[in-house]
Amino acid sequence: MSLLEVKNLTIRFGGLVAVDDLSFTMEEGQITSLIGPNGAGKTTVINLLTGFYTPNEGKVILDGEDITGASTDIVVSKGLSRTFQNIRLFSNMTVEDNILIGMQHRIGYGSFLSLFPNPKKIEWEKRAKEETTAILERVDLSKYRYEKSTSLPYGKQRKLEIGRALVAKPKILLLDEPAAGMNPVEKKELSLFIRSLLKDVKGILLIEHDMKLVMDISDKIVVLNHGAKICEGKPEEVQNNQEVIEAYLGRKGAHNNAASK
Amino acid sequence: MLLQILVNGISLGSIYALTAIGYSLIYSILQLINMSNAAVFLTSAVIFYALYTSLTGSSILLTFILTLMAAGAIGYIIEVIAIRPIREKGDSNTYALISSIGVKTILEQICQGTFGSEIKQFPTLLDGKYIDLFGARTSAIQIIIITTTLLILGFMSWFTQNNRVGRGLRALSQNLNACHLMGMPVNTLIGVSFAVGSMLAAVSGVAYCMYLKSISISVGSAIGNKAFAATVLGGIGELKGAVVGGYILAIAENLVSGYWSMSASNFISFGILILVLIIRPTGIFGRKEQKKV
Numbered sequence: 001m002s003l004l005e006v007k008n009l010t011i012r013f014g015g016l017v018a019v020d021d022l023s024f025t026m027e028e029g030q031i032t033s034l035i036g037p038n039g040a041g042k043t044t045v046i047n048l049l050t051g052f053y054t055p056n057e058g059k060v061i062l063d064g065e066d067i068t069g070a071s072t073d074i075v076v077s078k079g080l081s082r083t084f085q086n087i088r089l090f091s092n093m094t095v096e097d098n099i100l101i102g103m104q105h106r107i108g109y110g111s112f113l114s115l116f117p118n119p120k121k122i123e124w125e126k127r128a129k130e131e132t133t134a135i136l137e138r139v140d141l142s143k144y145r146y147e148k149s150t151s152l153p154y155g156k157q158r159k160l161e162i163g164r165a166l167v168a169k170p171k172i173l174l175l176d177e178p179a180a181g182m183n184p185v186e187k188k189e190l191s192l193f194i195r196s197l198l199k200d201v202k203g204i205l206l207i208e209h210d211m212k213l214v215m216d217i218s219d220k221i222v223v224l225n226h227g228a229k230i231c232e233g234k235p236e237e238v239q240n241n242q243e244v245i246e247a248y249l250g251r252k253g254a255h256n257n258a259a260s261k
Numbered sequence: 001m002l003l004q005i006l007v008n009g010i011s012l013g014s015i016y017a018l019t020a021i022g023y024s025l026i027y028s029i030l031q032l033i034n035m036s037n038a039a040v041f042l043t044s045a046v047i048f049y050a051l052y053t054s055l056t057g058s059s060i061l062l063t064f065i066l067t068l069m070a071a072g073a074i075g076y077i078i079e080v081i082a083i084r085p086i087r088e089k090g091d092s093n094t095y096a097l098i099s100s101i102g103v104k105t106i107l108e109q110i111c112q113g114t115f116g117s118e119i120k121q122f123p124t125l126l127d128g129k130y131i132d133l134f135g136a137r138t139s140a141i142q143i144i145i146i147t148t149t150l151l152i153l154g155f156m157s158w159f160t161q162n163n164r165v166g167r168g169l170r171a172l173s174q175n176l177n178a179c180h181l182m183g184m185p186v187n188t189l190i191g192v193s194f195a196v197g198s199m200l201a202a203v204s205g206v207a208y209c210m211y212l213k214s215i216s217i218s219v220g221s222a223i224g225n226k227a228f229a230a231t232v233l234g235g236i237g238e239l240k241g242a243v244v245g246g247y248i249l250a251i252a253e254n255l256v257s258g259y260w261s262m263s264a265s266n267f268i269s270f271g272i273l274i275l276v277l278i279i280r281p282t283g284i285f286g287r288k289e290q291k292k293v
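Chains as they are written, first to last, in the numbering used here: chain A, 1 to 261; chain B, 1 to 293.
No wet-lab data here; the hints were simulated from the structure.
Honestly, I wouldn't trust all of these hints.
Computed spacing ranges between beta-carbons, pair by pair [stated by the list, open to error]:
#, chain 1, residue 1, chain 2, residue 2, range
1, A, E28, B, E88, 32 to 40 Å
2, B, S157, A, N118, 18 to 26 Å
3, B, W158, A, G15, 51 to 59 Å
4, A, P153, B, I60, 50 to 58 Å
5, B, R137, A, P153, 28 to 36 Å
6, A, E137, B, L275, 50 to 58 Å
7, A, G15, B, Q161, 15 to 23 Å
8, B, I278, A, K199, 43 to 51 Å
9, B, L275, A, E186, 44 to 52 Å
10, B, I278, A, P37, 31 to 39 Å
11, A, Y154, B, S263, 55 to 63 Å
12, A, S151, B, Q161, 13 to 21 Å
13, B, E88, A, Q239, 40 to 48 Å
14, B, D91, A, R12, 15 to 23 Å
Cβ atoms here follow ideal geometry from the backbone N, Cα and C, with glycine treated the same way.
The following block holds chain B by itself, in its conformation from the complex:
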């Protein structure tokens, strides 16, 4: 029982973690909570569904690659249209936050308009196949999700270390103003970070719908909000925090729904969110920002 809960928790945690990294990445650079991330999660799943059912026949891999490219483009465009103009005017981040909520609403409305509000069947991989892991029934898609996530996390930590763009992103997250004054192409890099965050949300969105084997218009806000809670739990602005927060939250939810009740699990995520904000607002890995007066 416990092992089963852990397996389920880690699968769900992987999905949270990927979306949470998107929140954390943007926050670390702009101190902006990019609410549109949750809508990109949904939009990507809808794009995947639309492509799969119409254009790309039945190639899941091809559909997935096209979806990723679309998500990256959407992320970049969101930054250029809705965030950059506010940023460059030097207005407060609150305006950018509201703008990102606007983008979220627009994307959700577009999805609802084109997709409709009913639940539809979503393609999945190796349906019905599973392995028995010491009594825990682990489905093939769970294994795929977990390994994909670990590969992506490994790639992300490699990517931020030893190349030009990764170094630039790290510098950006430490001192945006200095980067700008030093003459780094700040706008391009911020655009790239939005694209990266959106692509991660896309992987997460598609993976979640494959896991459920269904898609409906409500998946975005359901998972998006929990991923946000995970980000805060781990310490917003810290990439490893987003990952750890995602796994802790998902495992906690699964423990509660396993040992107590399914409906209580939703209270847990947001209960934890509020508790963290009260007791340790910086989250698990977050550092207190020191501002010199």
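One chain only, chain A, in its complex shape:
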């Protein structure tokens, strides 16, 4: 059984078919990347997977469980957490609070017990703080614990966002352009870090524009163009696929590229 199974996923906005009959699978212990030129529909796919949009047709099956059309909070509790292309941290809250927000749905006491001190709440808050300590160590941010999240340098903010997603204990971690805005050194470090995340989650779905990063760390790549899948396979297979080259470089560019080889 695949970790994630996307079957015939389709969504239409008015007359526009934004995602067209998309099917792919993710396997356990692997990094799967979703790539495609700008406007290919990658973000729409994420929004479909995370429950922000409901597909017109198709199914999303996470670890054997059908999560098609479930709301965003259900999807998170079923084990799919994400980070954002443009970092969305809670800017006026501390690093610690940002992590705690990530485990919001796992904290097991309700609104009523929030109102006054009681053993259940104290126990849960203690556990939450301990998990926060562990996660902060994992993403190497322990010394920033009580600082405001926006005071961190850019690369550390990314790591905080990943930490916030990890603390939700997801099966799948969805990284939306994690390398955006990073320099080559940071990217190198990031790719090692992402690879190491497979120890924490069952699978990683990576959306990324940086081809070097994608080719380096992916086990499998799914290529989208105009909302439809044009190729799926190992990095080397994708790299040599004529349709992929055309999607990125255009027909003429692809021709020149072939000529120059």
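Once you have looked at the hints, place chain B on chain A.
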């Protein structure tokens, strides 16, 4: 004289502050001015009166607790019926604002229909008891109102810090969209914030009528509008701003009515509102919103 004015100002300021927090709380999350807050103020006072005179005999505490529960439920229901459908369609906040004005009018009409338009006597606590505070006559109900408000404010700042719901509300007020995308139960939390705002308005409404020892149908809009002015003065969306704005406004009003004339005090609140909007639209504590283009 000055001390007396301060005592009166702080008592009234407490009432403004509690209602103002309701405006500010909702604004900080939804950027919506929830006009129905003023009507909840009135409705709660009317519910208190109705319960006290018919059902609960003469237990002020029991009546108060029931009123609070009713106000919380009303707030939650307002959000579910009148705000959520508009919010979820993604329509502009202007529509939600108009919807909240609609709710305000409906609630006021219901109150008028059931309560009538005359002024009635309202139950109060420790009537006629007062202490002399360096020459300022401080009535027992004033002391009760001020201490209750301080306790509530203390509770609110504790509540938003170290528990699940409080943290959620803070996150919501910073980035609603991210909360939604991250999969937080946004709707429930917004409902809770409406319930909290309404309960504060209820405390404020009941306290004000106890202070006046009377209730009439006009208390809602009178105090509701001033509490709104206080919110803007302090910086809308900032909880401490609502509190500070409430106290400043009430003290200013009392200074004017003490040293000049009673009728001029009303001009002061709305004069200050307009001045703030012209000179510093973000209010005392408000931050300028930075939007990246």
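For each hint, the structure was consulted:
Checked against the hint of 32 to 40 Å, the pair A:E28 and B:E88 passes, with Cβ atoms roughly 36 Å apart. In this structure the supplied range 18 to 26 Å holds for B:S157 paired with A:N118, their Cβ-Cβ distance being about 19 Å. A hinted range of 51 to 59 Å for the beta carbons of B:W158 and A:G15 is consistent with their spacing of about 53 Å. At about 57 Å, the beta-carbon gap between A:P153 and B:I60 stays in the expected band of 50 to 58 Å.
Look at B:R137 against A:P153: about 59 Å separates their beta carbons, and that is not inside 28 to 36 Å. The hinted range of 50 to 58 Å is satisfied by A:E137 and B:L275, whose Cβ atoms lie roughly 52 Å apart. Between A:G15 and B:Q161 the C-beta distance comes to about 50 Å, which lies outside the given range of 15 to 23 Å. For the hinted restraint 43 to 51 Å between B:I278 and A:K199, the CB-CB distance of approximately 59 Å leaves it violated.
The hinted range of 44 to 52 Å is satisfied by B:L275 and A:E186, whose Cβ atoms lie roughly 49 Å apart. Hint check: B:I278 to A:P37, Cβ distance near 50 Å, so the stated range 31 to 39 Å is violated. A beta carbon spacing of about 58 Å between A:Y154 and B:S263 agrees with the range 55 to 63 Å that was offered as a hint. Distance hint for A:S151 and B:Q161: a CB-CB separation of about 20 Å, consistent with the stated range 13 to 21 Å.
In this structure the supplied range 40 to 48 Å holds for B:E88 paired with A:Q239, their Cβ-Cβ distance being about 44 Å. B:D91 and A:R12 have their C-beta atoms about 22 Å apart, which keeps the hinted 15 to 23 Å range intact.
Checked against the numbered hints listed earlier, the structure breaks hints 5, 7, 8 and 10; every other hint is satisfied.
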